[in-house]
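Student: Listed here are the chains, written in short residue letters.
2 protein chains.
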Amino acid sequence: MHIAIPLYAGYDAMDALGPYFVLRNIPGATVTFVAERPGVIPDEEVTLTATASFADVPRPDVVVVPGTRDVKQSILDEALIHYVKTAHATTTWTTSVCVGSLALGAAGLLEGVRATTHWVAHDLLVQFGAQPVDERFVQDGKIITSAGVLAGIDMALHLASLLAGEDMAMAIQLGLEYAPQPPFNAGTPKTAPEEITAFVRSVLRPA
Amino acid sequence: MHIAIPLYAGYDAMDALGPYFVLRNIPGATVTFVAERPGVIPDEEVTLTATASFADVPRPDVVVVPGTRDVKQSILDEALIHYVKTAHATTTWTTSVCVGSLALGAAGLLEGVRATTHWVAHDLLVQFGAQPVDERFVQDGKIITSAGVLAGIDMALHLASLLAGEDMAMAIQLGLEYAPQPPFNAGTPKTAPEEITAFVRSVLRPA
Numbered sequence: 342m343h344i345a346i347p348l349y350a351g352y353d354a355m356d357a358l359g360p361y362f363v364l365r366n367i368p369g370a371t372v373t374f375v376a377e378r379p380g381v382i383p384d385e386e387v388t389l390t391a392t393a394s395f396a397d398v399p400r401p402d403v404v405v406v407p408g409t410r411d412v413k414q415s416i417l418d419e420a421l422i423h424y425v426k427t428a429h430a431t432t433t434w435t436t437s438v439c440v441g442s443l444a445l446g447a448a449g450l451l452e453g454v455r456a457t458t459h460w461v462a463h464d465l466l467v468q469f470g471a472q473p474v475d476e477r478f479v480q481d482g483k484i485i486t487s488a489g490v491l492a493g494i495d496m497a498l499h500l501a502s503l504l505a506g507e508d509m510a511m512a513i514q515l516g517l518e519y520a521p522q523p524p525f526n527a528g529t530p531k532t533a534p535e536e537i538t539a540f541v542r543s544v545l546r547p548a
Numbered sequence: 342m343h344i345a346i347p348l349y350a351g352y353d354a355m356d357a358l359g360p361y362f363v364l365r366n367i368p369g370a371t372v373t374f375v376a377e378r379p380g381v382i383p384d385e386e387v388t389l390t391a392t393a394s395f396a397d398v399p400r401p402d403v404v405v406v407p408g409t410r411d412v413k414q415s416i417l418d419e420a421l422i423h424y425v426k427t428a429h430a431t432t433t434w435t436t437s438v439c440v441g442s443l444a445l446g447a448a449g450l451l452e453g454v455r456a457t458t459h460w461v462a463h464d465l466l467v468q469f470g471a472q473p474v475d476e477r478f479v480q481d482g483k484i485i486t487s488a489g490v491l492a493g494i495d496m497a498l499h500l501a502s503l504l505a506g507e508d509m510a511m512a513i514q515l516g517l518e519y520a521p522q523p524p525f526n527a528g529t530p531k532t533a534p535e536e537i538t539a540f541v542r543s544v545l546r547p548a
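Order-wise, the sequence lines are chains A and B. No gaps in the numbering here: position 8 of the first sequence is 349 in the numbering used here, and each next residue is one more. No gaps in the numbering here: position 190 of the second sequence is 531 in the numbering used here, and each next residue is one more.
There's no promise every hint is true.
Computed, partial: chain A to chain B, Cβ under 8 angstroms [what the hints assert, rightly or not]: (1) 387; (2) 388; (3) 394; (4) 420; (5) 423; (6) 432; (7) 434; (8) 460; (9) 463; (10) 512; (11) 524; (12) 525; (13) 534; (14) 538.
These aren't lab readings, by the way, just hints derived from the structure by calculation. All figures in this text were calculated on a predicted structure; none of them were measured in a lab. Quick reminder that beta carbons are idealized off the backbone N, C-alpha and C, glycines included.
Start from the sequences, fold in the hints, and give me the full structure.
Tutor: This is the structure we're talking about:
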């Protein structure tokens, strides 16, 4: 089973790594960072290495598209969009983390599809014909999109259960000691103080 | 403000990256991966780059020691232990993720200290005179230890609030959309099915 995580200019490393550290524990699964050309792909500060090109892994069983720090950047990457579109034809699951769902949209995969993304970018889904849904992750057909950044871990555990069964997904969760207890209840605009939400929105989507 | 995350042979990249992606958002904070010698430090599959040596950052304000996949490996790394011990003399906060707390113990910092670690390694804390505590993270004096792997994210948000205030910690949480909804309730042995716990224990601490 081959799981491809495409990297591209501007990708957010945490979006890629959350699912990576879940999915790499699936027995028999190979998780590969792929890019237009193999090599070191810098995020802002962390660098990940793509060990294969898009052309080397044309028909992965699963694609996990990470988002970007600049919310619209993935839409502009033609090589990424082309890869997502062609790989989707034969995937078992096509998935995204955070604003990676916008790349799925740009590839034409979200027409009429229930989907989600980082809360700051929900409005951008509509242009691709998607039906924005305010959930942690959304499965519609073989497309699974997740909310912002760390929602990718929840999505990946669900994906692990689809790929390897619930027992294996629970074992992975236990190995990672994923029994979250955030010290604050500010992880979504539904619970965060209004002024905090306004501040974060202004940072992530400057006018 | 300088936050040092020491890397060493066998370190677990997720232990380092969870706190990294939280703490790098603190205004005015510099987060540096340090190692005995600068350069690429491979985890099993992901590689991170230490941009400074231990000697380059002798007096960080904060140290965050990641754990290892092989639970006892950090204890054996003399350069790491020496760094943790000497840095601790002048830190504001000395912290660890997962079995990184064993390195704090080996450095002699946990004598009589309430501390935690990955659930699979709790018994190993006692040899260092620590008082093992079954909590997500534990603050005792200026030492903050966290439970396994992803507990490092919860600990780092708490640390962010200590360093930059609760509003900034909440803003970081909201930016990462950290409103966790694991699809299973198996993140600790307290809630996981017994046979799953036995399986994971056998993988992480083979007899």
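Student: All hints, please: hold or fail.
Tutor: We went through each hint and held it up to the structure:
1. 387: holds (7 angstroms)
2. 388: Hint on residue 388(A): holds, closest Cβ of chain B at ~6 angstroms, below 8 angstroms.
3. 394: violated (18 angstroms)
4. 420: Violated. Min distance 23 angstroms.
5. 423: violated (26 angstroms)
6. 432: violated (21 angstroms)
7. 434: The hint is violated - residue 434(A) has no Cβ within 8 angstroms of chain B, the shortest such distance being about 15 angstroms.
8. 460: holds (6 angstroms)
9. 463: Result: violated, 11 angstroms to nearest chain B Cβ.
10. 512: Since chain B brings a Cβ to about 5 angstroms from residue 512(A), closer than 8 angstroms, the hint holds.
11. 524: Nearest chain B Cβ about 5 angstroms off; hint holds.
12. 525: holds (5 angstroms)
13. 534: holds (7 angstroms)
14. 538: OK, holds: residue 538(A) within 8 angstroms of chain B, min 6 angstroms.
Hint check: violations occur at hints 3, 4, 5, 6, 7 and 9; the rest are consistent with the structure.
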